[in-house]
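Q: Okay, here's what each chain looks like letter by letter:
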Amino acid sequence: MIEVENLTVRFGPRSPLVVKGVGFSVPRGTAFGLVGESGCGKSTVLRAISGLNRNCGGRISLDGQPLEPSRSRSFFRSVQMVFQDPYGSLHPRKTVRSQLIEPLRNQNLPINAHVVEDVLKAVGLDPGLGYRFPHQLSGGQRQRVAIARALILDPPVLLLDEPTSALDVSVQAEILNLLADLQKERGLTYLLVSHDMAVIAHLCSRVAIMSAGEIVEETGIDQIRSGAVEHPYSRRLLSASHAYGKQEQRSIEELISF
Amino acid sequence: MTEPLIDIRNMEISFADGYVKAVRGVSFQLGREKLGIVGESGSGKSTVGRAIMRLLPSSSRTTADRMTFHDIDLLRADEKQMMDIRGRRIGLILQDPKYSLNPVMRVGEQIAETYRLHYPQAGRKAAEKKVLEMLEAVRIRDPQRVARLYPHEVSGGMGQRIMIAMMLIAEPEVLIADEPTSALDVTVRLDVLALLDELIARRNLGLIFISHDLNLIRKFCDRVLIMYAGRIVEVLKASDLDSARHPYTQGLLASLPSIENPPSRLPTLTRDPSWLTQPTIGI
Amino acid sequence: MVQALLQQLYQAWLRFREHPLGLVGLVVILLLIITATAAPLLTQYDPIAQDMAGRLAPPSFEHLLGTDNFGRDVFARIIYGARTTLNIIILVTIIVAPIGLLIGTCSGYFGGIVDEVLMRVTDIFLSFPGLVLALGFAAALGPGITNAIIAISLTAWPPIARLARAETLSLRQMDYIAAVRLQGASSAAIIMRHILPMCIPSVIVRVTLNMASIILTAAGLGFLGLGAQPPWPEWGSMAATGREFMLDSPWVIAAPGIAIAAVSLAFNLVGDALRDVLDPRGAE
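Chains as they are written, first to last, in this note's numbering: chain A, 9 to 266; chain B, -7 to 275; chain C, 15 to 298.
Think of the hints as simulated: they come from the structure by calculation, not from any bench.
The structure displayed is predicted, hence computed values, not measured ones.
Among these hints, one or two may not hold up.
Unchecked claim - Derived coverage of chain B by chain A (criterion: at least 3 residues anywhere in the stretch with Cβ under 8 Å from a Cβ of chain A; other residues may be distant):
1) 169 to 179
2) 244 to 253
3) 258 to 268
The beta-carbon is built from N, C-alpha and C at its ideal position, and this holds for glycine as well.
With the hints as constraints, model all of the structure from the sequences given.
A: Below, the structure is given as structure tokens:
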């Protein structure tokens, strides 16, 4: 569904490379994870695919078709994005309803009331919330609205940029369940970016580990679960993440010996 | 427990003319131990930490049957006494060092200033020497160089070490750490925690570690308070978390995704109104 | 939708009420508007009818603020002068706010060469003191109230454009703007529907605060004979004529002077209060 070859990204025309030639491919209907620490370029890859950052080189193809640097309007009916911060990704002065109608209007699609109701129900929200403003919603509800906004154009691909890292763990669990359900029901293709290995492991079948603008290792989720990763950085990241795992009973002293 | 460092009984904190109760009936004692306070956003965990330091905005109202540090009544202490307690006897480490450090002052000078504020008799040379010692103690290589850097020139992990150095230079007896590692990457997080652990053990401090991260608290602390909607719903030893009895604690633990064997669905919390009134489970 | 808007307005009013000085300013501005609209009802005198026999009469029950050097009732002239002032305020706002908003948001949103060109033009206008620039334009266009309004507008838009640009630069970074871009919205739609409305509160505050200097510039132009032409009453030109008789008949200059000062102060007070209400950054 998505193929990325030798992608390079910079922030400005003359600034240094932030992403230094990454490549991966995401088959239709699967979830692919990009994991790494802050500043490794994982979110930048996502913004390059979405067309938000145009200072990029290499090839990005969608469904076998190479994408032009400037995205066509119909591209956005195939690919939508969910952002990290549900407080910043919703327009503060518009009601939920008008924000959900906005994508339809921008795509010149017919606007009817039950489309909005259906999508709110699909993300587990009461359609009555449509008349509220974002500040009248909890963080979890906002993130559901953001997911609804992405889904209203019925795109086959969702780009998820740390969709749960601004949420409390109990709310994170609800959103992760919702994302898993939606993928199953609609056969969506996910490209998920996160710093949290456990979140990636929960949703994805393949993972690419990024460090300093490069993919150091791409592997299946089973290898991640069993700890069979090869690159030293992957091992370090995984063992640090394990420190929070449920079973792990090692002490802090043992952990830092890595 | 011998003589507690901090003793709080039935603390209530309200904002905006009593309409919003952020903390309700919180009681706990802190000895020379690592005490974790866990809760989700809005549970009042940070408010408790700030109330001890008397750093809440003036629109808030704090009451308690007892709220003491040693034998100083924190509710009645005047601003001059509090100045001595803040930083000198109780240190506070916040989430993001970027906002806690003065951006236009070299980090070495900032640490020295803190030291001289609390030890006015110390000379310039002595303060400088102490700063370098402290930076070395928080395992910064080349402290001479780092002391001359500005806050924006240091990484997140380094910044948090500097904050720790700054807080410990006045040799406080209690440290309150509010999400000290949440802004850090996982690989850096462990180093900072290990450092904090070692310094606390060596200096025999009392630590209040405020975090939303149950697993972190479980690894790091001796005892855990679980807060929900402004109340402590459960108190237990960190090593006993797996046998937690309160449904909220159990729910929090279960809702964490896991790397090794993820369930197909994560259990989610159903919040029970009775949690707002039930007495605290545990001591 | 309408209900939500009313709710928000009510909330804003509740916050505005907390500022006693802002309320005082608001009362003065309301008085100005009422006076201007109801001018003929408030006085029986014609503001331009001369009565050379009763010239420079001191304030009395008959002439509340006395008469000027042509025997015209000063009170009537002040009241009709309020119309001129209100006229200038409304027209300048209508011209300045959209121009400033449009230039500022386009400059901030597109960046690059568009930003360079628009901002350098703005800088040129900003680099002259407002009154001097207005004087130049008024002198070039010829004296008269319309030309005075054009001249004032030409000097008043650059700060608005600067402000709108700064707001746009920070808005452009927001994820919700990125989300709209990802819906395939055109740049024009993004600016008009999403960015521009978000800039309006701070522009309202800025325009209100600038109103004092607009009123003073208008009065200054009138004083120098480049604004409203005699015999039509305008506070600035009234002050100018009153200057000659200042020592013997101080009421002729005092009345318009006080009116100018009161109205500009009122706009400043309201602007300060509005800033706290509309602009969250200024508030605690």
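Q: Now tell me if each hint is right for this structure.
A: Against the structure, the hints come out as follows:
{"no.": "1", "hint": "169 to 179", "in the structure": "holds (count 3)"}
{"no.": "2", "hint": "244 to 253", "in the structure": "holds (count 9)"}
{"no.": "3", "hint": "258 to 268", "in the structure": "holds (count 4)"}
The structure is consistent with each of the numbered hints, conforming to all of them.
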